[in-house]
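Visitor: Throughout the sequence shown, residue numbering follows mature numbering (1 follows the signal peptide of the UniProt record, and there is no 0), covering -21 to -1, 1 to 169 in sequence.
Read the hints as simulated data drawn from the structure, not as lab findings.
Treat the hints loosely; a few may be bogus.
Subject to a maximum C-alpha distance of 20 Å in a straight line, what follows is the list of computed SDA-like cross-link-like pairs (lysine to any residue) [stated by the list, open to error]: (1) K158 x R168; (2) K60 x A71; (3) K111 x S61; (4) K60 x G120; (5) K46 x G79; (6) K75 x N45; (7) K60 x E114; (8) K111 x A136; (9) K38 x K111.
Using C-beta positions, here's what the derived DEER-type ranges look like [claimed, not checked]: (10) D107 x A82: 16 to 22 Å; (11) K60 x T159: 44 to 50 Å; (12) E114 x A82: 42 to 48 Å; (13) A50 x D92: 34 to 40 Å; (14) A57 x P84: 42 to 48 Å; (15) D22 x A82: 17 to 23 Å.
From the three backbone atoms N, C-alpha and C, an ideal C-beta is built for every residue, glycine too.
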Amino acid sequence: MCAAHKRSALAGIALAVAVLAGCAPDPAPEAAPQAAPSPSAADPAAAVAWMNGFCGVVKDFIDGNNKMPSASGETVEAIKKSTSDQLGHYAAILTKTVDGLGALPAAPVPAGDAAKQEFLAKYTSARDKTVKAKEGLDEAGKNDTAAQGRAVDGLIAAQKDTHGALDPVAAVLGAPELKTAAATAERCRP
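Turn these sequences into a full structure, and let the hints guide you.
Guide: This is the structure we're talking about:
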């Protein structure tokens, strides 16, 4: 075959390949990667379970707080013992609350974890103030009325910390999944 024919044959083959490639069906489209669930798309059952735990920890604190012994006593020494008992009770329920919040699993949405951390900070601060107030009172002399005053101030400061963490549902109102879950979570009911 002469060189001119070889070139024209090659050109014809190249043209045929180009035409056939243009007429070939499009390759099957690649499956679009599945989008990861959005951070706010929570499994409803997981959200209810988490809210039940979150509300339950706070509800247990409130129940324990309602059982705090009353202050009583006729003498400074008796009042000191009564106040120490109150502080001990409060420290115990605060410790239980801090432990309960710490044991909660990760929330199904970020707003839950933010609320948990906020409550954990408040209850931890209250517990630390209560323990410090009790230690100061217990180490003071039996007729040290100034220590009694400091202990009461410590208890009041601790209670102020907890007052900002008594409504777990209000803390998650910005997360529709948790707000909806709270409506059906048994421990979130009053």
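Visitor: All hints, please: hold or fail.
Guide: Results for each hint:
1. K158 x R168: 12 Å, holds
2. K60 x A71: 16 Å, holds
3. K111 x S61: Roughly 16 Å between the alpha carbons, so the hint for K111 and S61 holds.
4. K60 x G120: 12 Å, holds
5. K46 x G79: 19 Å, holds
6. K75 x N45: Within the cut-off at roughly 15 Å; holds.
7. K60 x E114: Distance ~12 Å between K60 and E114 Cα, so the pair holds.
8. K111 x A136: Holds: K111 and A136 sit about 11 Å apart, inside 20 Å.
9. K38 x K111: 25 Å, violated
10. D107 x A82: 16 to 22 Å: 19 Å, holds
11. K60 x T159: 44 to 50 Å: 48 Å, holds
12. E114 x A82: 42 to 48 Å: Once the Cβ atoms are compared, 26 Å apart, the range 42 to 48 Å for A82 and E114 is violated.
13. A50 x D92: 34 to 40 Å: 38 Å, holds
14. A57 x P84: 42 to 48 Å: Holds - the Cβ-Cβ distance for A57 and P84, about 45 Å, lies within 42 to 48 Å.
15. D22 x A82: 17 to 23 Å: 20 Å, holds
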